[in-house]
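When the letters of the sequence shown are read in order and numbered with the working numbering, they come out as residues 37 to 268.
None of these hints come from the bench; they were simulated from the model.
Take these hints with a grain of salt, some might be off.
Label pairs and their in silico Cβ distance ranges [stated by the list, open to error]:
{"hint": "1", "residue 1": "250", "residue 2": "55", "range": "18 to 26 Å"}
{"hint": "2", "residue 1": "163", "residue 2": "78", "range": "31 to 39 Å"}
{"hint": "3", "residue 1": "263", "residue 2": "55", "range": "29 to 37 Å"}
{"hint": "4", "residue 1": "197", "residue 2": "238", "range": "38 to 46 Å"}
{"hint": "5", "residue 1": "195", "residue 2": "143", "range": "38 to 46 Å"}
{"hint": "6", "residue 1": "47", "residue 2": "201", "range": "49 to 57 Å"}
{"hint": "7", "residue 1": "201", "residue 2": "263", "range": "30 to 38 Å"}
{"hint": "8", "residue 1": "201", "residue 2": "140", "range": "50 to 58 Å"}
{"hint": "9", "residue 1": "142", "residue 2": "196", "range": "20 to 28 Å"}
{"hint": "10", "residue 1": "261", "residue 2": "163", "range": "18 to 26 Å"}
{"hint": "11", "residue 1": "58", "residue 2": "238", "range": "40 to 48 Å"}
{"hint": "12", "residue 1": "78", "residue 2": "235", "range": "53 to 61 Å"}
{"hint": "13", "residue 1": "197", "residue 2": "143", "range": "42 to 50 Å"}
Mimicking DSSO-like on lysine-lysine, the simulated pairs with C-alpha atoms at most 27 Å apart in a straight line are [unchecked claim]:
{"hint": "14", "residue 1": "148", "residue 2": "221"}
{"hint": "15", "residue 1": "145", "residue 2": "186"}
{"hint": "16", "residue 1": "63", "residue 2": "214"}
{"hint": "17", "residue 1": "64", "residue 2": "47"}
{"hint": "18", "residue 1": "187", "residue 2": "221"}
{"hint": "19", "residue 1": "187", "residue 2": "148"}
{"hint": "20", "residue 1": "240", "residue 2": "251"}
{"hint": "21", "residue 1": "166", "residue 2": "148"}
{"hint": "22", "residue 1": "131", "residue 2": "187"}
{"hint": "23", "residue 1": "177", "residue 2": "166"}
{"hint": "24", "residue 1": "131", "residue 2": "186"}
{"hint": "25", "residue 1": "251", "residue 2": "221"}
{"hint": "26", "residue 1": "253", "residue 2": "221"}
{"hint": "27", "residue 1": "214", "residue 2": "64"}
{"hint": "28", "residue 1": "240", "residue 2": "253"}
{"hint": "29", "residue 1": "266", "residue 2": "256"}
{"hint": "30", "residue 1": "166", "residue 2": "139"}
{"hint": "31", "residue 1": "131", "residue 2": "251"}
{"hint": "32", "residue 1": "266", "residue 2": "253"}
{"hint": "33", "residue 1": "166", "residue 2": "131"}
{"hint": "34", "residue 1": "177", "residue 2": "139"}
{"hint": "35", "residue 1": "145", "residue 2": "131"}
{"hint": "36", "residue 1": "214", "residue 2": "148"}
This one's a predicted model, so the numbers in the text were calculated from it and none came from an experiment.
Ideal Cβ positions, reconstructed from N, Cα and C, are used throughout, including at glycine.
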Amino acid sequence: MIRVGICDDEKPCREQMANLLEQYFTKKGLQYELLEYESGMDFLDRGEGIDLLFLDIEMEGLSGIELKDDLQAEEEIRIIFVTGHVEGMPEAFGKNVYGFLEKPLDAQKLEKYLGRVLEDMEEDRILVLKGVRGEMAIRQKDIFYFVSEKKYSRVIGRKGEAFCDMGLQQLEEMLGQKSFFRCHKSYLVNLGNISDANQSIRLKNGESIPVSRRKVKELKDAYLKYIIRKAR
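Use the sequences and the hints to build the structure in full.
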């Protein structure tokens with residue numbers, strides 16, 4: 037479940053945002069928890085864990101920019117700014133800032149940002165896999181690829197490699213096809229860690245892995261779709 041916060045000192049804006057969020061998550065069939073804050077200090081005082089924060093730039097007392105700077109020093113909260121004055125937007129860039137919504141709110145633009153946030157949250161999730169020495173936890177985005185070891189596999193990641201008691205087909209079904217691609221009968225690659233995809237795959241760690249000839253076009257299409265999604 038995703039925890040969403042709205043921090044805005046204008047009640048009508050909070051209500052409009054809450055309605056749009058309810059429509060979006062209902063349409064997607066996703067569970068979420070919504071928390072509302074009347075000011076930046078209200079948010080800090082309550083100290084509730086939030087995954088995504090819709091943050092008004094212009095608030096009395098602690099501004100949205102000041103709250104963003106305070107949060108980014110300590111926490112990994114994803115932020116989408118809400119503003120009635122676009123001239124304040126250049127100051128609002130920063131780590132984990134996904135974009136800006138102008139008042140009155142645009143539902144299509146909101147959905148675009150939400151889609152980007154949810155996809156990044158998916159890639160940031162922790163996978164728990166069974167290995168030789170018991171269970172291991174690995175962040176999905178830290179995985180470069182899986183390589184087949186008969187009915188089992190090895191996972192190669194940023195911190196080295198480890199044995200996994202699941203086969204590639206099981207992993208492919210579990211992970212889905214938005215972020216991972218079966219480029220070869222023996223390899224399942226993380227699209228997010230590819231630096232170049234052609235007749236073979238060059239990964240961000242400098243390794244190369246093979247691509248089946250019949251999979252070359254399919255890989256290029258999958259990688260292009262992934263890049264386009266991330267660029268929106």
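Are residue 63 and residue 214 close enough, with their CA atoms no more than 27 Å apart? 20 Å, holds
Restraint status (C-alpha distance of residue 187 to residue 148 at most 27 Å): With a Cα-Cα distance of about 39 Å, the restraint between residue 187 and residue 148 is violated, given a limit of 27 Å.
Decide if the proposed pair is consistent with the structure: residue 177 and residue 139, CA atoms, cutoff 27 Å inclusive. The given pair, whose Cα atoms are some 34 Å apart, is violated under the 27 Å limit.
Confirm or reject the claim that residue 78 and residue 235 have a C-beta distance inside 53 to 61 Å. Distance hint for residue 78, residue 235 holds at roughly 56 Å.
Residue 166 paired with residue 139 [C-alpha distance capped at 27 Å]: 48 Å, violated
Honestly, do residue 58 and residue 238 meet the 40 to 48 Å range at C-beta? 44 Å, holds
Assessment of proposed distance window 50 to 58 Å (beta carbons of residue 201, residue 140): Holds, at about 53 Å.
Against the 27 Å threshold, does the CA-CA distance of residue 64 and residue 47 hold or violate the hint? 26 Å, holds
Starting from residue 266, check that the Cα of residue 253 is at most 27 Å away, please. 20 Å, holds
Hinted pair residue 251 and residue 221, Cα distance within 27 Å: 10 Å, holds
Should the hint that residue 142 and residue 196 are 20 to 28 Å apart at their CB atoms be regarded as holding? 45 Å, violated
Satisfaction of hint between residue 148 and residue 166, Cα-Cα up to 27 Å: Since the Cα atoms of residue 166 and residue 148 sit roughly 36 Å apart, the hinted pair is violated (cutoff 27 Å).
Hint violations for this structure: numbers 1, 4, 9, 14, 15, 19, 21, 22, 24, 30, 31, 33 and 34, all remaining hints satisfied.
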